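Undergrad: Sequence order for the protein chains is Y and D.
Numbering-wise, this note's numbering puts 245 at position 245 of the first sequence, and it's gapless, one number per residue.
Numbering-wise, this note's numbering puts 1451 at position 451 of the second sequence, and it's gapless, one number per residue.
Since the hints were made in silico from the structure, they are not lab data.
Keep in mind that a hint or two might mislead.
[Claimed, not checked] Heads up, simulated PhoX-like pairs for lysine-lysine below, C-alpha to C-alpha not over 25 Å straight-line: (1) LYS1263/D - LYS1248/D; (2) LYS1030/D - LYS264/Y; (3) LYS1263/D - LYS264/Y; (4) LYS1248/D - LYS82/Y.
[Stated by the list, open to error] To give an idea of the interface, some chain Y residues facing chain D are shown, with a C-beta separation under 8 Å as derived from the structure: (5) GLN38; (6) CYS245; (7) ILE261; (8) LEU280; (9) GLY282.
Keep in mind that this is a model prediction, so the values were computed, not measured.
Cβ coordinates follow ideal geometry from the N, Cα and C atoms, glycine included.
One-letter residues, chain by chain:
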Amino acid sequence: MKNLKVKTQNLVKLLDALKDASNLLAPQTDKYGDTYFQQVVDASQVVLKHFKPLMPAVREVLFGQLEDMITFKDTASGTKIKPVKAAKDTILFGLPNCDLDGILYNDEFFAKREFADFYYVNARKKLTIITLACLTPPNENCFCASMGHGPFAEKGFDLQLTDMGDGFFLVNIGSKKGQKIVDDNSSLFEAAGEADLSKWKELKQQAEESTTKKDVNKKKALDNMGRTPLKEQMIIEISDRCISCGACNYTCPTCTCFNVIDHKKDKAGTRKRVLDSCILGGYFRMAGGHNPKEAKEDRTRNRYFCKLLWDKEKLGDSGCVGCGRCLDACPVKVDIKDVIKQLSN
Amino acid sequence: MAKEKKSEVKNVLTTCIYCGCGCQFYFKVKDGKIIGITPSQSHPVSQGQLCVKGWNASEFVHHPERLTHPLIKKDGKFKKASWEQALKLIAKKFTGHAKKSGSDSVAFFGSAKCTNEENFLIMKLARAVFKTNNIDHCARLCHASTVAGLAATFGSGAMTNSIGGFEDCDVFLVTGSNTTEQHPLIGSRIINAVKKGATLILVDPRAVQLAKHAKYHLPQNCGSDVAWLNGMMHVIIKEGLEDKEFIKNHTEGYEELKKTVEKYTPEYVEKISGIPADKLAEAARAFAKSKKSSIVYSMGITQHTVGVDNVKSCANLSMLTGNIGRASTGVNPLRGQNNVQGACDVGALVNVYCGYQKVTDAAAKEKFEKAWGVTGISDKIGAAVTLVPNQALEGKIKALYIMGENPMVSDPNITHVEKGLKALDFLVVQDIFLTETAQLADVVLPGTSYAEKDGTYTNTERRVERIRKAIEPIGDTRPDWKIICDVATACGYKMDYPSPKEIFDELAELAPIYHGMDFDRLEEKFGLQWPCPTKDHPGTPFLHKDGKFSKGKGTFFAVEYKDPAEMADAEYPLTLTTGRSYFHWHTRTLTRRTSSLEREVPESYVEINPADAKKYKVRNGTLIKVSSRRGTITVRAKVTEVPKVGTVFIPFHFAEGAANRLTNDALDPGAKIPEYKVCAVKFGGSK
Chain Y
1 MKNLKVKTQN LVKLLDALKD ASNLLAPQTD KYGDTYFQQV VDASQVVLKH FKPLMPAVRE
61 VLFGQLEDMI TFKDTASGTK IKPVKAAKDT ILFGLPNCDL DGILYNDEFF AKREFADFYY
121 VNARKKLTII TLACLTPPNE NCFCASMGHG PFAEKGFDLQ LTDMGDGFFL VNIGSKKGQK
181 IVDDNSSLFE AAGEADLSKW KELKQQAEES TTKKDVNKKK ALDNMGRTPL KEQMIIEISD
241 RCISCGACNY TCPTCTCFNV IDHKKDKAGT RKRVLDSCIL GGYFRMAGGH NPKEAKEDRT
301 RNRYFCKLLW DKEKLGDSGC VGCGRCLDAC PVKVDIKDVI KQLSN
Chain D
1001 MAKEKKSEVK NVLTTCIYCG CGCQFYFKVK DGKIIGITPS QSHPVSQGQL CVKGWNASEF
1061 VHHPERLTHP LIKKDGKFKK ASWEQALKLI AKKFTGHAKK SGSDSVAFFG SAKCTNEENF
1121 LIMKLARAVF KTNNIDHCAR LCHASTVAGL AATFGSGAMT NSIGGFEDCD VFLVTGSNTT
1181 EQHPLIGSRI INAVKKGATL ILVDPRAVQL AKHAKYHLPQ NCGSDVAWLN GMMHVIIKEG
1241 LEDKEFIKNH TEGYEELKKT VEKYTPEYVE KISGIPADKL AEAARAFAKS KKSSIVYSMG
1301 ITQHTVGVDN VKSCANLSML TGNIGRASTG VNPLRGQNNV QGACDVGALV NVYCGYQKVT
1361 DAAAKEKFEK AWGVTGISDK IGAAVTLVPN QALEGKIKAL YIMGENPMVS DPNITHVEKG
1421 LKALDFLVVQ DIFLTETAQL ADVVLPGTSY AEKDGTYTNT ERRVERIRKA IEPIGDTRPD
1481 WKIICDVATA CGYKMDYPSP KEIFDELAEL APIYHGMDFD RLEEKFGLQW PCPTKDHPGT
1541 PFLHKDGKFS KGKGTFFAVE YKDPAEMADA EYPLTLTTGR SYFHWHTRTL TRRTSSLERE
1601 VPESYVEINP ADAKKYKVRN GTLIKVSSRR GTITVRAKVT EVPKVGTVFI PFHFAEGAAN
1661 RLTNDALDPG AKIPEYKVCA VKFGGSK
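Isolated chain Y, as found in the complex:
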């Protein structure tokens, strides 16, 4: 990994250049006080402090809540189908590592298996990722380090920035795309020295400590999952509180389920995909009405099995990246850590 550094004011200049060349999405705070990914018009408005958006970055361009797939029309000579326009070049700036790892998980799921997802793969090819390492947890629900997902990225980014606190950001270059950005704007960057690098390592270590929850033991929890039954009382207590809003799925960076629907009138319409939620009963119900997971506690249990066991069996690692969004967005404060903690013993 080649390392450079960039002055804060030069970083703003870089963003200014990038926004003209591509669709640049970066965290910005609006006048109501909410911060989220927005298209960049004025680079000076971009939030340069590490930040965790409520909606994971994967939802911004790769796999959204509601996407058109094709339009169709029945004609005398058969059904005419038109796919939606191809994705455009996009740069995501300022995502935390939990989001990057979420995208890498989605890559495994959508792009690297037997059937590659046309829409995802197209959008992914056009995507450039610039992460911003979290020096401290963006909020109290973060536990990424306990799950082995940061808060600093090891791989998968095009560029990673770290705020060194002295008016500079350290720049890690992770790919050819990242290298090209640096080459195209080389006057904005300068070489990082040994001192910078050792300070960076120090920050990294501090950050890892601050996002570690001592009572979460990922290895033990994943080993126990499936072997030790989940505490029945805990699952029932969670499902009694759950109001079936679906937010734990909608905001999860590694939830990949969608439903395909047709919006149709007369003989024409649009085929869309809608982000789905396994907390909803209809997700499991079969034609004919039988539902193998009729009870909410069965669906609650299913979600933990999916995140902590089946994801690992399917793709090699747990789907939980420790971002804490399922708790951030939960109206009744259901905490996946409670389940992981129980399994950690």
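Fit chain D to the supplied structure of chain Y, relying on the hints for placement.
TA: Same frame as chain Y, but now just chain D:
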């Protein structure tokens, strides 16, 4: 990188279209299409959270079944028409009838789904242009009894406290509210408060989700609310747990209340309500002993022939224990629709102008005549929504204009409603889809959805909040406020506003409770809670501070229990109660076109207790007939422990298997609200 035209992505903050919680979220818009929803993390209600309807509140917006141009019915079939043709015909028919048969031969329905500005304009259209008070909306069907009952007791017919105070309550009395399903972001706060140690008393004939969190779940017989509320007050007074200071300083009518509740011993009440006497007494003690007790109610209290009595009884209980006028206490009717509070506030009601100024008050009449530059505004109370079908059948009402309501699914005894609507000479329906009611119309006008217009909604805690235009109007649709302006102008009264901002200014000018608000102030934060009388007033999180009631002293109303209009008997042995499902909204116009919601509950059903299923030999999952004296429907049986024995429940959302074919259109004499919550039914077809 190759240079290509960039997508335009923007995020637009707006207010949810569904319930009265008033959550705010961002529409994510890409190249003119809504592709996602993100809850606002700073908003005081949503706080980064939404319910399942909120998360899915955009799918219907781009649905191809949206109405895109006006329709005029010719020979029983709709033909595409221009705006000019449609407006001309409406003007001809409405002014013709008004001229020939008098002002009160035309009537208007506003809409709790539309904005404050739109409801203000339709009430202005009725009153200033047509000189009739025949303007009402679906608040008649949900909280008419609250508006009347709380105005009489406290002086203000609205939720007294704020959603933000819920998590700090010590005791909740929730009755007739399936809060987690109908006001999910309030329900979640109750669950969180219980987890922190609060006590929940749930009085409901169904074991709804909150029952799992209730210390006392007391399933009452439908319609017995005055009895058990009097019973609780009996215990409190008998054991000396009333707040004597509060009663002395801030209320009137206590002695009469005391006398009336004397005979309502828990044992006497048990015979009427079915609630075990000892449990009721325990619950009464828990409520009275806490200084932060909050009453939360909804349709289970209001939709009765004794709806106003029920509301007054809730108010009695809160005053008796001094649980009002402070944070985390109060009487909290949860308003159902996104803007039912606002539609009431701006005067889409038969008896009041905006700000609850009475049409019978000569000074108010003069004020509005002057403001609108007209004379001869009517001072006679108009025909309520629930009286319109009869008046149409009697030939009194000839032409009806419905903005965004669907009485062919929502109103009681719809067989009768259908007859009424068909008896009209002329029906106009303004909506975004061709609803069951629109199908009966002579002219259909296509409005825009909430994503295509600006305006304000007022949520259940009286918070006036902005909705914002995120996309251009679809097809040849127009925002509802614009349509009303066009109709008024076609009828000879020039109505013209550049935008909803100016309509709101006129509303604020005329309504004292909104007087200090304008779009700039609403923009600063997440809206303002009324009353907000001056430009520097910060808004009002809870009403009647320190026992200073809006009307001076709070009034106790001594109320006796009365039976519902129709009770189970030998011929119709079961009690039907109706309500909503979490996944659908009212007449399903929007949610049937939202895949994840429609998939959850794709058809109507009847909840039957296993004991009744056994008794009447009904198998779970089969289609059965359910009949009342007014009709028969076929629905799927859902055998479940949720309803109590002898009571069945049917959601009212479905036009196919419509609960309102069965419901009773008997009305509360004062509020004219129908008794949706109790009628007698049986399994099988009617004779």
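Undergrad: If a hint holds in the structure, say so; if it doesn't, say that too.
TA: So, going through the hints one by one against the coordinates:
no., hint, result
1, LYS1263/D - LYS1248/D, "holds (23 Å)"
2, LYS1030/D - LYS264/Y, "holds (21 Å)"
3, LYS1263/D - LYS264/Y, "violated (62 Å)"
4, LYS1248/D - LYS82/Y, "violated (75 Å)"
5, GLN38, "holds (6 Å)"
6, CYS245, "holds (5 Å)"
7, ILE261, "holds (4 Å)"
8, LEU280, "holds (6 Å)"
9, GLY282, "holds (4 Å)"
Consistency with the previously given hints fails for numbers 3 and 4, ordered from lowest to highest.
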